[in-house]
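Once you've looked at the hints, dock chain B against the given chain A.
Order-wise, the sequence lines are chains A and B.
Sequential numbering of the first sequence, starting at 1, is according to the numbering used here.
Sequential numbering of the second sequence, starting at 1, is according to the numbering used here.
The list cannot tell twin chains apart, which means a pair is met if one copy fits it or any two copies do.
Straight-line C-alpha distance at most 20 Å; calculated SDA-like pairs for lysine to any residue:
{"hint": "1", "residue 1": "K289", "residue 2": "L7"}
{"hint": "2", "residue 1": "K289", "residue 2": "V118"}
{"hint": "3", "residue 1": "K382", "residue 2": "G145"}
{"hint": "4", "residue 1": "K289", "residue 2": "S9"}
If you are wondering where the hints come from, they were derived from the structure by calculation, not from laboratory data.
Bear in mind that the values here come from a model prediction, so they are computed numbers and not experimental data.
Protein chains: 2
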Amino acid sequence: MKGFFQLISSMEFLTLLEGFGPLPSESIAIGDGLGRVLAADVVSPEQLPPFARSTMDGFAVRARDTFGCSESEPALLGIAGEIAMGAPGRSIVLEPGQCARIWTGGELPARADGVVMVEYTRQLDERTIEIFRPVAPGENVIRAGEDFTLREPVVAGGSRLRPQELGVLAGLGITDVRVHRRPRVAIISTGDELVGPEQQPGPGQIRDINSTTLASLVLEAGGMPACHGIVGDDLETMLSVCRRALAEADMVLLSGGSSVGRRDFTLQVLEGIEGSELLAHGVAIRPGKPTILARCGNRALFGLPGHVASAMVVFHLLVRPLLRRFSGLATDTGLVRIRALTDQPVPSAIGREEYVRVRLTPQPGAGDPLATPVYGRSGLLKPLVRADGLLVIGRDVEGLDAGAAAPVLLFP
Amino acid sequence: MKGFFQLISSMEFLTLLEGFGPLPSESIAIGDGLGRVLAADVVSPEQLPPFARSTMDGFAVRARDTFGCSESEPALLGIAGEIAMGAPGRSIVLEPGQCARIWTGGELPARADGVVMVEYTRQLDERTIEIFRPVAPGENVIRAGEDFTLREPVVAGGSRLRPQELGVLAGLGITDVRVHRRPRVAIISTGDELVGPEQQPGPGQIRDINSTTLASLVLEAGGMPACHGIVGDDLETMLSVCRRALAEADMVLLSGGSSVGRRDFTLQVLEGIEGSELLAHGVAIRPGKPTILARCGNRALFGLPGHVASAMVVFHLLVRPLLRRFSGLATDTGLVRIRALTDQPVPSAIGREEYVRVRLTPQPGAGDPLATPVYGRSGLLKPLVRADGLLVIGRDVEGLDAGAAAPVLLFP
Numbered sequence: 001m002k003g004f005f006q007l008i009s010s011m012e013f014l015t016l017l018e019g020f021g022p023l024p025s026e027s028i029a030i031g032d033g034l035g036r037v038l039a040a041d042v043v044s045p046e047q048l049p050p051f052a053r054s055t056m057d058g059f060a061v062r063a064r065d066t067f068g069c070s071e072s073e074p075a076l077l078g079i080a081g082e083i084a085m086g087a088p089g090r091s092i093v094l095e096p097g098q099c100a101r102i103w104t105g106g107e108l109p110a111r112a113d114g115v116v117m118v119e120y121t122r123q124l125d126e127r128t129i130e131i132f133r134p135v136a137p138g139e140n141v142i143r144a145g146e147d148f149t150l151r152e153p154v155v156a157g158g159s160r161l162r163p164q165e166l167g168v169l170a171g172l173g174i175t176d177v178r179v180h181r182r183p184r185v186a187i188i189s190t191g192d193e194l195v196g197p198e199q200q201p202g203p204g205q206i207r208d209i210n211s212t213t214l215a216s217l218v219l220e221a222g223g224m225p226a227c228h229g230i231v232g233d234d235l236e237t238m239l240s241v242c243r244r245a246l247a248e249a250d251m252v253l254l255s256g257g258s259s260v261g262r263r264d265f266t267l268q269v270l271e272g273i274e275g276s277e278l279l280a281h282g283v284a285i286r287p288g289k290p291t292i293l294a295r296c297g298n299r300a301l302f303g304l305p306g307h308v309a310s311a312m313v314v315f316h317l318l319v320r321p322l323l324r325r326f327s328g329l330a331t332d333t334g335l336v337r338i339r340a341l342t343d344q345p346v347p348s349a350i351g352r353e354e355y356v357r358v359r360l361t362p363q364p365g366a367g368d369p370l371a372t373p374v375y376g377r378s379g380l381l382k383p384l385v386r387a388d389g390l391l392v393i394g395r396d397v398e399g400l401d402a403g404a405a406a407p408v409l410l411f412p
Numbered sequence: 001m002k003g004f005f006q007l008i009s010s011m012e013f014l015t016l017l018e019g020f021g022p023l024p025s026e027s028i029a030i031g032d033g034l035g036r037v038l039a040a041d042v043v044s045p046e047q048l049p050p051f052a053r054s055t056m057d058g059f060a061v062r063a064r065d066t067f068g069c070s071e072s073e074p075a076l077l078g079i080a081g082e083i084a085m086g087a088p089g090r091s092i093v094l095e096p097g098q099c100a101r102i103w104t105g106g107e108l109p110a111r112a113d114g115v116v117m118v119e120y121t122r123q124l125d126e127r128t129i130e131i132f133r134p135v136a137p138g139e140n141v142i143r144a145g146e147d148f149t150l151r152e153p154v155v156a157g158g159s160r161l162r163p164q165e166l167g168v169l170a171g172l173g174i175t176d177v178r179v180h181r182r183p184r185v186a187i188i189s190t191g192d193e194l195v196g197p198e199q200q201p202g203p204g205q206i207r208d209i210n211s212t213t214l215a216s217l218v219l220e221a222g223g224m225p226a227c228h229g230i231v232g233d234d235l236e237t238m239l240s241v242c243r244r245a246l247a248e249a250d251m252v253l254l255s256g257g258s259s260v261g262r263r264d265f266t267l268q269v270l271e272g273i274e275g276s277e278l279l280a281h282g283v284a285i286r287p288g289k290p291t292i293l294a295r296c297g298n299r300a301l302f303g304l305p306g307h308v309a310s311a312m313v314v315f316h317l318l319v320r321p322l323l324r325r326f327s328g329l330a331t332d333t334g335l336v337r338i339r340a341l342t343d344q345p346v347p348s349a350i351g352r353e354e355y356v357r358v359r360l361t362p363q364p365g366a367g368d369p370l371a372t373p374v375y376g377r378s379g380l381l382k383p384l385v386r387a388d389g390l391l392v393i394g395r396d397v398e399g400l401d402a403g404a405a406a407p408v409l410l411f412p
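Excised from the complex, chain A in its bound form (with noise of 0.2 Å):
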């Protein structure tokens, strides 16, 4: 009897998925690093910055001689030299009562350790110049190192590279980084129904809508989406399509089936693979309830509810997290998470999560935005076109009042 389900909660769901492991590393160059994830953690190879450098335009001094000078008391320094931009600044070396003009950015002469604005100078001649304000030492200088020491951690491994860490890599002169592979994700449509989207459907037949959704929903959140097309309903066939899909991916997406009689199907197919494991036949989630998933080896098979707009909840709720678990990140749904006020009543039911897709409308100041949910039928495609995120009800409550705060997941 397979009509009913053994529903689990979405957080269960989501347990299961950790008994799966990160996809094995590579090396790339950080060119191609934007949105991947480290592998193991990057320490510094040397110091950064190599020298210490003035954070101003000025003069280099020995802070000593600089103190107790003022407006009406100046010191009194000659000028050692100049140091041009990427010149080696210690080549000179500072004696008592000596300064050094210095540039942003340009290393210290040996033994200063301090830079005076230009600012609070004035030069008597080629040789001299009056300074007004004392500087303590360290004063307008970053130290050699004080950004990076030499092997301190500097991007933990399982973090994500965002230009910011990329930039760091490119200034230690780590050019190559390892990270997790990125998950490569096969996606079949199954219906006798389905023709491609460049096919005009004839009589009772429709366009595959779930394969273009699915690649693009991949992609973003960083898997490698093949398409292997649609496939009628012949078990014969779907075992083959599937079993030839799992052997060049780490996942397989089959959708179709809404039907009572499709979902028996689409278990048959994921219970028929060599070594497959069933964990989960059922979701106590609203959309998203008919979601199978099942394991072989850590390749995860997922059956997805056949209407897109469910197929869309599931992906970002418990198909995402796995894709993040895979490419070496928390097993999540990455999605950012704001808390907006429903601007009219939202009805629920005890025991399943809801999830409703809404339109947010920002509200002036640091107010929170208003929800309004994108309602529609079952199957219907406009209000997914229309919905920024997903308004989340929890488990055990029975429907939000107006002007409630409830947490909405954003698209991305």
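Positioned in the frame of chain A, the structure of chain B alone reads:
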């Protein structure tokens, strides 16, 4: 006298950007469309769904034949046939008292106007069923064109294509779309002290961090970066590299020039480009004050601060909006703005907007996250790696008390 700035506010700067126009459009396949921006409205070339579809497994009926039936007085209907998935349902014509077996997504037979869920039926023999619950006309049915009617607006020009929009386009048979061209962005790092990330810096030299960081920021914002390498502090060379870069790009990012001398230099370069017009020199934000903007027809030239930490802030606040405008989107940062609570007093200064790098700590429930400033001297990279976003402190605010609510722009 170029040492002083004519500061404008960030709002005035954004108004200047409105003088630039979106880039011309090009036609692309929807499979390449993720994140691209529609150049014109798309209207539905046909109705969707193309026919009335069942949303349940069950029996298609003439609703009036079920009126008044109940558990105790079931309606008796003759089975006219079964509509296989993908088969032309309308080849069956329901006579009064007849029904047809149908699956979720199947085409309704002619003259049917409702579907009874299989759970509310009992099959008496091969040709007859009992029905226990009446259905209303339209129940469990999506009408032809209910999602989109012929020539109905589907996605508006200027919309960013998300997985759901791409899915809808596929469903309507629209496999190619016109989108704005992606902005091409030339990146030039300037400074005699710079060497490439793959090189070993000599005394007084330092590796170029900005090229890597800015290229990733451009990529992340949907642009196409082209790095033109490192150029020394030589006016003629910079002018010629800049001219060459401008010939192949919609935007040039010149970075370097944290010192007063360098800033003048960048200004000379931007002014030296034939047909260029200086639009802004100095913005009342911190960090980011010494930002320069020039235009040359519909092309933009930015002079960015030399410190990568400042350059990043300027990129997010002032460069991203123009990339978005070029791409056909609104002239804003496009960053997610959330509300956070400060965990300590955050000083600021009247007269400029302040953008403080903060780390966010989520709070249980629907509470706002806590924002902890990640301080560090100008020019340090570590605070960038530790920060999640930028706390915004308004121009007329002297600082924020501990526990104050303030907006945070999240790093993407």
